[in-house]
Structure formats: structure tokens, C-alpha cells
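Following the hints, position chain B against chain Z.
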Amino acid sequence: MKPRWRKVFLDLIENKARTLLVVLSIAVGVFSIGVIAGAYAIISNDMSASYAANHPANIELRMADFNDDVLTSVRNMPGIGNAEGRRVFSIRVHPLNSTTWTVIDLVALNDFPTNKVDLLTPLAGNTNPAKRQVVLEKDALKQLNVRVGDQLVFELPDGTTQTMPVVGAVEDPTTGAGDFLAPPFGYISMTTLENFQEPDLYNRVYATVAQGQDDAAAISKVAGDVKDRLVRSGIPVDRTLTSKTHEHPLASTVNAILGILMALGVLIVFLSSSLIANTLNALLNQHLRYIGVMKLVGGRNRQIFIMYLTLIVSFGALALLIAVPLGGQGAYGLAAFIANELRFNLLGYRIVPIALVIQILIGVLVPLVAGLVPVMNGSKVTVLKAISGDLARAEGKSHHRGPKHESRWEKFQTNVTLALSKRGIHIPRPLLISLRNTFRRRGRLLLTLFTLTMGGAIFISVFNVRVTLHDYIGAIGNYFKADVELDFTQPYRTHEIQQLALQIPGVQSVEGWQGLSADMLRPDGSTIDSLNIIAPPAQSPLVQPILVSGRWIQPGDERKLAISESALSDFPNLKAGDFMPLKINGRKEQWQVVGIFQFVGQEGILAYAPLEYISQVNDLANQAVLFRIETTQHDRASQDKMAETLDHYFRAKGFDVLQSQAGLASLDTASQSLDTLVTFLLIMALLTATVGSMGLAGTMGMNVLERTREIGIMRAIGAVDSIIMQTVIAEGMVIGLISFGLAIILSFPFTYLLSYIVSLAVFQTPIQTVFTFTGYLIWLALILVLSVVASILPARSAARLTIREVLAYE
Amino acid sequence: MPTVPAPTIELKNVTKIYSTEAGDFTALKGIDLRVDQGEFLGIVGKSGAGKSTLLNMITGVDHLTSGEVIVRGNGEDTSVHKLNEDALALWRGQTLGIIFQSFQLLPMLTLIENVMMPIDLCGRYQARLSRQRATELLTLVELEDHANKLPAYISGGQQQRVAIARALANDPPILVADEPTGSLDSVTADHIFDVFEHLVQERGKTIVMVTHDNSLGPRFTRHVQIADGVLTEMTEPAERIKRPASAKAKVRRTK
Numbered sequence: 008m009k010p011r012w013r014k015v016f017l018d019l020i021e022n023k024a025r026t027l028l029v030v031l032s033i034a035v036g037v038f039s040i041g042v043i044a045g046a047y048a049i050i051s052n053d054m055s056a057s058y059a060a061n062h063p064a065n066i067e068l069r070m071a072d073f074n075d076d077v078l079t080s081v082r083n084m085p086g087i088g089n090a091e092g093r094r095v096f097s098i099r100v101h102p103l104n105s106t107t108w109t110v111i112d113l114v115a116l117n118d119f120p121t122n123k124v125d126l127l128t129p130l131a132g133n134t135n136p137a138k139r140q141v142v143l144e145k146d147a148l149k150q151l152n153v154r155v156g157d158q159l160v161f162e163l164p165d166g167t168t169q170t171m172p173v174v175g176a177v178e179d180p181t182t183g184a185g186d187f188l189a190p191p192f193g194y195i196s197m198t199t200l201e202n203f204q205e206p207d208l209y210n211r212v213y214a215t216v217a218q219g220q221d222d223a224a225a226i227s228k229v230a231g232d233v234k235d236r237l238v239r240s241g242i243p244v245d246r247t248l249t250s251k252t253h254e255h256p257l258a259s260t261v262n263a264i265l266g267i268l269m270a271l272g273v274l275i276v277f278l279s280s281s282l283i284a285n286t287l288n289a290l291l292n293q294h295l296r297y298i299g300v301m302k303l304v305g306g307r308n309r310q311i312f313i314m315y316l317t318l319i320v321s322f323g324a325l326a327l328l329i330a331v332p333l334g335g336q337g338a339y340g341l342a343a344f345i346a347n348e349l350r351f352n353l354l355g356y357r358i359v360p361i362a363l364v365i366q367i368l369i370g371v372l373v374p375l376v377a378g379l380v381p382v383m384n385g386s387k388v389t390v391l392k393a394i395s396g397d398l399a400r401a402e403g404k405s406h407h408r409g410p411k412h413e414s415r416w417e418k419f420q421t422n423v424t425l426a427l428s429k430r431g432i433h434i435p436r437p438l439l440i441s442l443r444n445t446f447r448r449r450g451r452l453l454l455t456l457f458t459l460t461m462g463g464a465i466f467i468s469v470f471n472v473r474v475t476l477h478d479y480i481g482a483i484g485n486y487f488k489a490d491v492e493l494d495f496t497q498p499y500r501t502h503e504i505q506q507l508a509l510q511i512p513g514v515q516s517v518e519g520w521q522g523l524s525a526d527m528l529r530p531d532g533s534t535i536d537s538l539n540i541i542a543p544p545a546q547s548p549l550v551q552p553i554l555v556s557g558r559w560i561q562p563g564d565e566r567k568l569a570i571s572e573s574a575l576s577d578f579p580n581l582k583a584g585d586f587m588p589l590k591i592n593g594r595k596e597q598w599q600v601v602g603i604f605q606f607v608g609q610e611g612i613l614a615y616a617p618l619e620y621i622s623q624v625n626d627l628a629n630q631a632v633l634f635r636i637e638t639t640q641h642d643r644a645s646q647d648k649m650a651e652t653l654d655h656y657f658r659a660k661g662f663d664v665l666q667s668q669a670g671l672a673s674l675d676t677a678s679q680s681l682d683t684l685v686t687f688l689l690i691m692a693l694l695t696a697t698v699g700s701m702g703l704a705g706t707m708g709m710n711v712l713e714r715t716r717e718i719g720i721m722r723a724i725g726a727v728d729s730i731i732m733q734t735v736i737a738e739g740m741v742i743g744l745i746s747f748g749l750a751i752i753l754s755f756p757f758t759y760l761l762s763y764i765v766s767l768a769v770f771q772t773p774i775q776t777v778f779t780f781t782g783y784l785i786w787l788a789l790i791l792v793l794s795v796v797a798s799i800l801p802a803r804s805a806a807r808l809t810i811r812e813v814l815a816y817e
Numbered sequence: 004m005p006t007v008p009a010p011t012i013e014l015k016n017v018t019k020i021y022s023t024e025a026g027d028f029t030a031l032k033g034i035d036l037r038v039d040q041g042e043f044l045g046i047v048g049k050s051g052a053g054k055s056t057l058l059n060m061i062t063g064v065d066h067l068t069s070g071e072v073i074v075r076g077n078g079e080d081t082s083v084h085k086l087n088e089d090a091l092a093l094w095r096g097q098t099l100g101i102i103f104q105s106f107q108l109l110p111m112l113t114l115i116e117n118v119m120m121p122i123d124l125c126g127r128y129q130a131r132l133s134r135q136r137a138t139e140l141l142t143l144v145e146l147e148d149h150a151n152k153l154p155a156y157i158s159g160g161q162q163q164r165v166a167i168a169r170a171l172a173n174d175p176p177i178l179v180a181d182e183p184t185g186s187l188d189s190v191t192a193d194h195i196f197d198v199f200e201h202l203v204q205e206r207g208k209t210i211v212m213v214t215h216d217n218s219l220g221p222r223f224t225r226h227v228q229i230a231d232g233v234l235t236e237m238t239e240p241a242e243r244i245k246r247p248a249s250a251k252a253k254v255r256r257t258k
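Sequence order for the protein chains is Z and B. With our numbering, letter number 610 in the first sequence gets 617, and the count goes up by one each step, no holes. With our numbering, letter number 202 in the second sequence gets 205, and the count goes up by one each step, no holes.
Just so you know, these hints were derived from the structure itself, not from any lab. Keep in mind the model is a prediction, meaning the values are calculated, not measured. All residues carry an ideal CB built from backbone N, CA and C; glycine is no exception. Errors might be hidden in some of the hints.
[As the list claims (entries may be wrong)] Calculated cross-link-like contacts (lysine-lysine; reagent style DSS-like; alpha-carbon spacing at most 30 Å):
| hint | chain 1 | residue 1 | chain 2 | residue 2 |
| --- | --- | --- | --- | --- |
| 1 | B | LYS15 | Z | LYS387 |
| 2 | Z | LYS429 | Z | LYS418 |
| 3 | Z | LYS488 | Z | LYS648 |
| 4 | Z | LYS9 | B | LYS152 |
| 5 | Z | LYS123 | Z | LYS138 |
| 6 | Z | LYS23 | B | LYS152 |
| 7 | Z | LYS582 | Z | LYS567 |
| 8 | B | LYS32 | B | LYS15 |
| 9 | Z | LYS387 | B | LYS85 |
| 10 | Z | LYS648 | Z | LYS228 |
| 11 | Z | LYS149 | Z | LYS138 |
| 12 | Z | LYS228 | Z | LYS123 |
[Stated by the list, open to error] Here are a few chain B residues that sit away from chain Z, every Cβ distance over 10 Å (derived from the structure):
| hint | residue |
| --- | --- |
| 13 | GLU13 |
| 14 | LYS32 |
| 15 | GLY41 |
| 16 | ASN59 |
| 17 | THR68 |
| 18 | ALA92 |
| 19 | ARG95 |
| 20 | LEU132 |
| 21 | GLU145 |
| 22 | HIS149 |
| 23 | ALA170 |
| 24 | ALA172 |
| 25 | HIS201 |
[What the hints assert, rightly or not] Taking beta-carbon pairs under 7 Å as the criterion, some of the chain B residues facing chain Z (in silico):
| hint | residue |
| --- | --- |
| 26 | PRO10 |
| 27 | ASP65 |
| 28 | LEU86 |
| 29 | ASP89 |
| 30 | LEU93 |
| 31 | ILE101 |
| 32 | MET119 |
| 33 | MET120 |
| 34 | TYR128 |
| 35 | ASP216 |
| 36 | LEU219 |
One chain only, chain Z, in its complex shape (with noise of 0.2 Å):
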């Protein structure tokens, strides 16, 4: 090997300490970039092939009982595909072995073998149920902690149980697939209906279509029309949802959720730029001696250009191979986090090309254009400079003899400490020391602040971000501030409800609430999409809307409605007054839009009308199917307990409980959805946290080893190791609490940016921002915990220095 290779590999191997700060402050950045360019490629292709690949339904109506006459008739209307009927329903189910209840839905197939929309993946044992057999989807498995072979206890709708084996289970990633909030699925025969009190009839069509399968417009077009003339046939349809083939429901929301965190991967390749520039630039400021070396000797600018070039792609090198196959594992990992909690399979482990090429792209890039600056000036810095060892001469100042002169800061340090001695605050000298040594290396104190400041602004914002998402999870509980919601599967005269609930203990009030589906249409009379319309008395004081614009339902309106926000995905153009036509019950109608409402919901379209004309139109006066009631205690134990007491007390009186839940339950879960995406930033903004104090325990140690004569003298006029360690880690310690009130302001803008990006996603609509204590609190102590740390160690080796080794330092 020439010699100035071997010096380029000596160079890498020389100071351990120094090649692992850089080439982890590399691998951060590649592996974050890793991790999430790679999970991107996998979730976008698998979520959406994955769901292809189990026929998913292009259309699906919730609608009366049917029978297969019927279900032949829709199959042979034009633009259907195929089409299956099924039964879904709700029931309460616990394991042989437990009491407590959980709400499953039960799907009833009539062949399972046959079975062409909506296919479920065979997982283990038997999955063809015979009568009074179930086969339970992995999820539901794991929420009722039971195995294939276990028992289920289902409570039947006359308050008995019926005990079923779990013959087998499945993965079913197409029922419920655009709707994260779904409960888990059972399976059964059709012939096991009966043993449920069912009746042997369908109450959903899942249908494909037979051409555009992947064309939203021709889906909702066959939609329309096939309910249209069930509708007219006399079948009432309650809700018509429909779905691409080729497009996973939920992959809008996901793949807007990787891009934020794309943004935060290319943040941190940006700070861990910036601190691999602040390390090359102090490795060649130790360097510039042997640059004027071989200069002399002579090495010409090109020359010592290549070799530091090539120690950089070499540090690059070595980042990629801890980077790389790290990268690739973790976006694996958050791929198959990510198609867990959304129920669907990936095709298998595998290295995303595109990911690797971007990986290696900024392993090589970013080093190479952080240290192309550095570099050059250090390659082209003169013998004299480099031999004279002159930092700021090499730095590119003109070259002085005799005195300096004072600069403007160097004075206001003076002036300031001059200031303050004479009101008799005397700092100690050490402390003096670590705040003037603290801005001695501008240059590279505005590098680490960068870094350590972007980190915390964003770990801030994060914090805000939870508390702003779980804020507006609040708000929308101003819509269920009912303590439980009791739902019967057919209407009751409300009164009586009423009375017999008021009866029991801890009860305060009872509403009798009503609904009405309903489609919107376009100006051509074809669907656009179903609209769900929630009726309770228009004073209900269990809603307390967060209007947009307009004005709240009233008890004197006649087809008149507010509306939530995601209608206007539909009318973008959508304002309070406007005329929507709407088709009930197979009428078209004119309703107006009064009022426009925000509002979180991941199926369908949402509206409030007044329950005082919505009874008129359903034709049920003073009678009510959900009911709301206020109990005197609103935790969420209080509220499960009442549900669960709601539920007996009324199933023994003969009434057909549909579910009785607690009024929290749906938010709860609704907010553990959202912890999972907060986990995710957070485990960014970590990263990020990391390369900031990384960036500082780089600082700490380049700054020790340039002021190690000066450690020397210090030692030689008295300073025991503590002195000498308390200079260092008080000087981490300012640098650490400037980037803390630097990152203070930073995060406002932050936070705002982030909630704005992360509500489009989630909600689909922006949202109010909050802020909370508690992201400044946490990072306040864990920048005084990381300056600490990052100080320690070059702190231990500035004491452990003997006077004889400083002194003799070259």
C-alpha cells in the first residue's frame, strides 16, 4: 500500500473515538432514512397488493334482511362481478375460562370453501365451520386471549348462552379494512344462525364489480343503481360503502402519516450532516500539521484533496455497513408494526432496492458534501499556516505579528464580568472560564446548537402534537357525552325506557335518540356517498357540536341538517345554507345545510338532524332505538360497570340489547390509535435528540483536545481533577441550556407545522393547537442529563492528563 494510503487507513483506525462519532453520526441519518424510505416501498406496495389479493368487495351494502332470491337478482345486475350475501351482528362473547365480556362481530357465510369477495386466509386449524362452530379472525384471537380448541361463551339476545367451540382461525384483511376502529371478527355457517336466535337470512351484500375496478367513479356509479332498485323492490339499504380493488382503504392516511416521518428521516440526515461537518472540521484543523508536512514534501492540493476525500467516503463506508442492513431490518420491523395494527399481510421480508440506493446515496452524499468544505479549505491551506500550527490564521484570517486586537465580543466578556464584579457578583474563575471557553469556537458552538436545537424543538413538538391530537379527541367526546349508550335492535316507546332506567341507582337522565340513512347525490341523481344522520332532541345537552360555520340543529327544522366537515371531500364547495339533495327512503329531497361541524370519523359522513322531525319521517313518535343516559359518575370504570348493569337489567325485562357501552369506550380507543403514531414520532424525535447530543459530546471532546495545554497549565498552577471536570461539564451545560431556550422558540413554529401536517392526515381537516408543559419539562432535564454526559467522558480524560503529557502535547 503508498504511503498516503496507508495514512488514509491509519487515519480511520487511529482514533477510535473520533471514526465512531463519525461514522455513527452517518448511520443515524441513514438509518433513519432506511428504516422509513424502506417501510414506505413495503407498506405502499404490500398494503394495497395484500388486499387485492383477497378480492376485496368494491361495494358494500348494510341494509334490511334479504334472502338469497334477492342476493340472485343483485348478482345478475349489470356491472356486478361477483356478489356474496352475509349476516353480520353483534354480540357479546367471553372465553369459557373469563367473565368478562367483549362485542364481536359475527359474520355468517353460507359456503366457506366458495367463498369469491372478501376472502379470508386459512391460519390454522379447521376453517370450514360446521353448525355451532366458530372460527375466530387473528385478531379477535388475541383480544379474547384464547387458542384454537378453546370454548366461547356468546350471550344469546333472551339473555341465555350458547358455548362454541373455536375450531380455527383466520385473517380476514378485507372486512372492516377502512375502518382501524373495527371490532374484532367471528365466523360461523349460516345453519349456525339459528343457534344465535338469528334468522337464516343476509342483511350485507359484498359485490365486486364486473369492469373499473380500481375507478372510483364506475364503483359508486354500480353502487348507486344497484341500491336504487333494491330500494325500489322495497329493501331498505342503511349504508353503502365502496372501495377500489388495488387500493387499500386506509392508504391515503398511512402513507400521509410515513411522510411525516420521511420528513423528520431527512431532518435528521440534515443534523447529522452538520455534525459530521463540525468532526471533519476539527479532525483537519488536527491535521493541518501533517497537511503542511507533506506539503512540504510534496503533496500538491490535489493530492491531499483525494486522501481526506477518500477517509470520508471511507467513514461513509463503514456507516453504511452498520446503517444498511440495521435500515433494512428496522423498516421491516415498522412495516409489519404498521400492517398489524391495520390488519393486513406483507409479502415477506426483503431489501427495497429503491431504499438501499437512497441509503447508499446518503451514506456517500452527505459526508462528502459536509466535508467538502472542511477539505478544501484544508487542503488548500499554505505550508506556513499549517506548519505554524495557527488555528485562526488557518482558518483563512489574515496574518498578523504583534498584538492583537481585542474583538467586539471579546470586550463585551470583559466589560460584562468587569460590570459585575463591581456590584459584587464575583463568578468563579472556573465557571469564567467554561462560559468564555463555551464561545471561543463559534464556528462549531453554532453547528451543535443547531443540531441540539432542532432536536429539541422537535421532541417539544411532539409532546404538543400528542396533547393537541388527544385535545380534539376530547372535543369530539362533546358529541358521546352520554355516560352509556344503550342500542336496542328495534325501536321502544321512549317514556317507558326512561322510567325503568331511572329506577336504577346512579342514573340521572335518559334520551331516546333516532337515525336515518340517507344518500347524497349529485346533480344527476347518481350516489356520491351515504350519509349517516344522527337524530337526538336538537336541545340534547349530550352534543355539544364544534361548529365550523353556521348555526346548530333546532326543534322547528323540517329537512334541514348539519353536517360534519368531511362532506366537503364531496362539495368542496359545501357553505351553511346551501341545498343538498339527499334521497330517503327512495325520495329524493332537498335538505339544507344549516350548520357545518368538525368531526373525526374514518367511515362515512356524518349529520345531526332534530329527533323531533326525524320521528316523523321513520314514522315513530315518542319511540327511540339508541338511548343516551347521564349517570352521576363519568370515569370510564364507573361508566362500564353502569353499561354492564344497563345491559342485564334490561335483557332480564324481555328487551331485545342490541350492545350497552360505556360512553368513553369508543374515544379510549380512538386515542390508543393515536399513541401508536405519537410513539412513532417520538421515536424520531429521540433520534433526532440523540444526533443533537451526539453533536455535543463531539464538541465537548474536540474542545478538550485543542485546549489540552491549557488543561496543562491549569494543573500546573493548582487545579485539582474536579475543578478541571466541572470547566468541561459546565461548559456542555451552557451550550446545553442555550439550544433548551433556543429550542423553546423553535417550537412554536414547530408545533404548529407538525399538527397541521399530522390532523390533514388523520382527520382530514386542521385542528386547534395545544400546548403543553410537559415536552419542555422532559426535555429541559434530558438536556441537562445529555450535557452531563456528553461531558464526562472528555472531562475524565482532561483530568486523567498528566502536566508532563500536556506539556509534551503536539
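This is chain B only, laid out in the frame that chain Z set:
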């Protein structure tokens, strides 16, 4: 009339002025100097007299304010002050060997690699010959047994001999030494002088050496005094001291 051979190094009215906050400082005041081929010239002066500045003018390490520096080596005349940094580096590598008081070896490279470095950078010899040449040079300074050691593990005198071997790597006609014995004890320094004299007398090298030690004057073939940027005194080449032949032929091993 016999023609006077052109000097190897010629300085004509060289002035160097440093601008300082306190005003201009003239380090060299119109220096005229000739160094002939095969001379061992000593430039003697106290600290701050301008001797290192003068050396920096010859090597092109620093730029002169006015005047001319011409070096004749490898069959070419070079106006050093007219070359840019990059051209200077290559020229220095091929024409000059430079030796410092603090040795300036690259600490991460072994002795033989340090000697091979100038050959590698200037491409004067084929790569496969460079190790052979470096070994020959280490043999010349009697350090071939230590070829694969790092500089930190040999003595100061040995390091300086490696620096001399490195200075000779590209077989330059001129050696320039800045206080090469300044950090060595008197016995070791004496041995280094033996090496220099050997190079002048046996290999025909031209050596310019700077020192603050007045007592070393007699060891040079000629020496000049410098004080406050002015050459004040010169001794004639006739005063060249004679050394025993054995000392010229053999470079003694130092500790």
C-alpha cells in the same frame, strides 16, 4: 577569464514586511545572498533575527514582499517567488529536502513509510522502487533495523536522521535545515553534523542550515550572521574545516 559558475541559490535584494496592528515590521531588509553548489552554508542569528524568515523565502514557504529568489536545481532555474502554492509543493518535493528542529515526522506512519511519502507524492521513482530506495536511505542513516517502527518509539536523534533520510528521498540537490540540532543534546547534534558533512562531501549536496548557536560556525563551509533582518558578517569558504576522513566515510550510530 574563467566564467564564474551560477549560484545554486541566489537572493537579490529580498525584503519581507509583516503588517501588524502596531504598524509594519520589516523582518528582512534587502538581503543579497549567493549559495554555490556543494556549499554547507550556516545562517546564524539570535531569536527574532529573521533567519527562519530567510529560510522560508528560499523554500517558498512564505512570500517575499520584494526582491527575487532564484534556485538552480535539477538543471532548471526557478524563480521561487513566482510559483503558486501547488507548483511550489511539487518543486519543493523534487528540488529541496527540508529538515526541521521538531523533526515533523508523520506519527501514524512507520519510519520507512515516512521516507517513502515524498516518493509517493512526487512520483519521482516507480512505486516498486520506492521501498528499495527508502531502505537504502535508512541504511545511509544507519536506521534500517528500525524501519518498521513508529517515530514515537525511537530517540530524538534517530528521528532527526529519519527526517534527513526523508529529505533525501527524491534525491534533491539542495537540503534546507531549520535548527536541526536545536532539540538534541550535543553528542547527538554532533552526529547529525557528521551526516550533513558526509552529504556535502560525498554526495555533492548543497545545504543551507539555520542555527542560533554561534559556536557551530566553524562546522560550516561558510556561515553568515543575521541580525534585525540584515546579513552582517560573512566568513569565506576558505575557512572550511577539515574533518578526519573516517568521520566523512562513516556516519556513526547515535543513541
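Status of the hints after comparison with the structure:
1. B:LYS15 x Z:LYS387: OK: LYS15 (chain B) and LYS387 (chain Z) at ~29 Å, within 30 Å.
2. Z:LYS429 x Z:LYS418: holds (16 Å)
3. Z:LYS488 x Z:LYS648: holds (17 Å)
4. Z:LYS9 x B:LYS152: holds (17 Å)
5. Z:LYS123 x Z:LYS138: The hint holds at about 21 Å.
6. Z:LYS23 x B:LYS152: Given pair LYS23 (chain Z), LYS152 (chain B) holds - Cα atoms ~21 Å apart, limit 30 Å.
7. Z:LYS582 x Z:LYS567: Holds, at roughly 13 Å.
8. B:LYS32 x B:LYS15: Distance ~11 Å between LYS32 (chain B) and LYS15 (chain B) Cα, so the pair holds.
9. Z:LYS387 x B:LYS85: holds (18 Å)
10. Z:LYS648 x Z:LYS228: violated (46 Å)
11. Z:LYS149 x Z:LYS138: Holds. LYS149 (chain Z) to LYS138 (chain Z) sits at ~24 Å (cutoff 30 Å).
12. Z:LYS228 x Z:LYS123: holds (22 Å)
13. GLU13: It holds; GLU13 (chain B) is separated from chain Z by about 22 Å at its closest Cβ, greater than 10 Å.
14. LYS32: holds (15 Å)
15. GLY41: The claim stands: GLY41 (chain B) keeps its Cβ more than 10 Å from every Cβ of chain Z (closest is about 23 Å).
16. ASN59: violated (7 Å)
17. THR68: With a cut-off of 10 Å, THR68 (chain B) remains clear of chain Z, as the shortest Cβ separation is near 13 Å.
18. ALA92: At roughly 5 Å from the nearest Cβ of chain Z, ALA92 (chain B) sits no farther out than 10 Å, so the non-interface label is violated.
19. ARG95: At about 6 Å from chain Z, ARG95 (chain B) fails to clear the 10 Å cut-off, so the statement is violated.
20. LEU132: Its Cβ never comes within 10 Å of chain Z, the nearest being 13 Å, so this holds.
21. GLU145: holds (21 Å)
22. HIS149: For HIS149 (chain B), whose nearest Cβ neighbour in chain Z is about 17 Å away, the distance exceeds 10 Å, so it holds.
23. ALA170: violated (8 Å)
24. ALA172: violated (7 Å)
25. HIS201: The claim stands: HIS201 (chain B) keeps its Cβ more than 10 Å from every Cβ of chain Z (closest is about 21 Å).
26. PRO10: PRO10 (chain B) check fails; min Cβ-Cβ to chain Z is 23 Å, beyond 7 Å.
27. ASP65: With a closest approach of 5 Å, the ASP65 (chain B) hint holds.
28. LEU86: Not OK, violated: LEU86 (chain B) not within 7 Å of chain Z, min 12 Å.
29. ASP89: Holds, because the Cβ-Cβ distance from ASP89 (chain B) to chain Z comes to roughly 5 Å (cut-off 7 Å).
30. LEU93: holds (6 Å)
31. ILE101: holds (5 Å)
32. MET119: Constraint on MET119 (chain B) satisfied, holds at 5 Å.
33. MET120: Where the cut-off is 7 Å and the nearest Cβ of chain Z is about 4 Å from MET120 (chain B), the hint holds.
34. TYR128: Result: violated, 12 Å to nearest chain Z Cβ.
35. ASP216: violated (22 Å)
36. LEU219: violated (23 Å)
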